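K.L.:
Spelled out, the chains give:
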Amino acid sequence: MRLSTRNQLKGTVSAISEGVTNTEVIISLPGGTQIVSVVTKGAVKTLELEVGKTAYALIKSSNVIIGINIQKISARNVLTGKVSSIIEGSVNDEVSIDLGRGYTITAVITKSSVASLGLEVGVVASAIIKASAVILAVD
Amino acid sequence: MRLSTRNQLKGTVSAISEGVTNTEVIISLPGGTQIVSVVTKGAVKTLELEVGKTAYALIKSSNVIIGINIQKISARNVLTGKVSSIIEGSVNDEVSIDLGRGYTITAVITKSSVASLGLEVGVVASAIIKASAVILAVD
Amino acid sequence: MRLSTRNQLKGTVSAISEGVTNTEVIISLPGGTQIVSVVTKGAVKTLELEVGKTAYALIKSSNVIIGINIQKISARNVLTGKVSSIIEGSVNDEVSIDLGRGYTITAVITKSSVASLGLEVGVVASAIIKASAVILAVD
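Those protein sequence lines, which keep their order, are chains H, E and S. Each residue of the first sequence is one higher than the last, beginning at 1 in this note's numbering. Each residue of the second sequence is one higher than the last, beginning at 1 in this note's numbering. Each residue of the third sequence is one higher than the last, beginning at 1 in this note's numbering.
In short, the hints are calculated from the structure, not lab data. None of the values given here were measured: they were computed from a predicted structure. Hints are supplied without guarantee of correctness; some may be wrong.
Said to hold, decoys possible - Result set (DSS-like, lysine-lysine): computed pairs, CA atoms no more than 27 Å apart in a straight line: (1) S:LYS72 <-> E:LYS10; (2) S:LYS111 <-> E:LYS10; (3) E:LYS53 <-> S:LYS72; (4) H:LYS53 <-> S:LYS41; (5) S:LYS41 <-> H:LYS10; (6) S:LYS72 <-> E:LYS41; (7) H:LYS45 <-> E:LYS72; (8) E:LYS10 <-> E:LYS82.
Unchecked claim - Covered stretches of chain E, going by a simulated chain H footprint (3 or more residues, C-beta under 8 Å): (9) 21-31; (10) 60-66; (11) 69-76; (12) 85-94; (13) 103-117; (14) 129-137.
Glycine residues also receive a C-beta, built at the ideal position from the N, C-alpha and C atoms.
Just chain H, with the same shape it has in the complex (with noise of 0.2 Å):
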């Protein structure tokens, strides 16, 4: 199975909290940081996900907001890191985020935002994602 998400980052399911349609899925990568997802009850069943069992969050990098000194804001994941690089384009730019011990996460941002920002390699930042945008996986 291969994907045209950016972001696909390993772990394990750490926890299942089951609602009426939807339900929150949290994915512990190694190192102890942890990715929130809210999928559908249905896709709980089709993937037979339970604690432990290993599983890739998705995250497609349009979805991904970038963030400098992020307080109080209700996106469940914000993954802080430093700016690894910057691919320019016309309307959009594409900054990745080094997370630490291997993990990077990339979004596509508008250039405007990257220049608001302030953002250039080694730049402190955080990656923000909803959990409604993060999609699992499993082998």
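Take the given structure of chain H and dock chains E and S to it, following the hints.
P.N.:
Just chains E and S, lined up with the frame of chain H:
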């Protein structure tokens, strides 16, 4: 009503499963393909959705992921076909997949994903869409 | 706290409807416009959201759809104004809509949608945003 969403699939509501805040609505396309959407409960009321009603599943191209040999994934919509066109940009490319029966799905994904997946016209690939990324409209 | 999201609308929490995993939160802007968001229950707690509190509705430009003559659509947020600028890219264009009272919404949509909708400065158009695409922040 005219919309910027590149993907506007006309079908029939075939199932509605109510939750507390969200409701899962399935749109069946001619030929049997099903599109699963999750919308707010308020939207079901506003649109007067009910089984048998004609509705459009609207999917923004930036919310479409492309995959190859897709197996176990939480996204409820996996639509497989052949790449019919690739329009190149600077950071993003626009990739269309012909699903047959006149249906095409367009995705905007990063150039590096197009390269790493080896996408080119004629390659068999899947358009992957989270149920929460599908918007519904009625006439 | 600084963010890459192009759309950051400051308002007041006017309603909170709790679900099992998700909660619907309405932000009222000065002038009466309402932004509907769906966030996880955990986020409501973390942000200590309550009616009357000042909050920001954050919307990534890639999650904004542009429509003309919008009627029945499941997306809870339909904000109508006039196109105030179009910045051209290679695959995507950046389109801003002036909502009046100093509010502007920016969308990134494909060039072909800009063409097919006939968008140009001055055209009346709506920014359409799913409740699940809105992120909330507080100071």
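K.L.:
Decide, hint by hint, whether the structure agrees.
P.N.:
Status of each hint after checking the structure:
1. S:LYS72 <-> E:LYS10: holds (14 Å)
2. S:LYS111 <-> E:LYS10: Holds. S:LYS111 to E:LYS10 sits at ~23 Å (cutoff 27 Å).
3. E:LYS53 <-> S:LYS72: Cα-Cα ~13 Å, so holds.
4. H:LYS53 <-> S:LYS41: Answer holds: H:LYS53 to S:LYS41 is near 25 Å, not above 27 Å.
5. S:LYS41 <-> H:LYS10: holds (25 Å)
6. S:LYS72 <-> E:LYS41: holds (14 Å)
7. H:LYS45 <-> E:LYS72: holds (11 Å)
8. E:LYS10 <-> E:LYS82: holds (20 Å)
9. 21-31: Held - the segment 21-31 of chain E has 3 residues with a Cβ nearer than 8 Å to chain H, which meets the minimum of three.
10. 60-66: holds (count 4)
11. 69-76: Per the Cβ count (8), the hint holds.
12. 85-94: Result for this restraint: holds, n = 4.
13. 103-117: Our answer is that it holds, as 9 residues pass the Cβ test (under 8 Å) against chain H, meeting three.
14. 129-137: Three-residue rule met by the segment 129-137 of chain E, so holds; n is 3.
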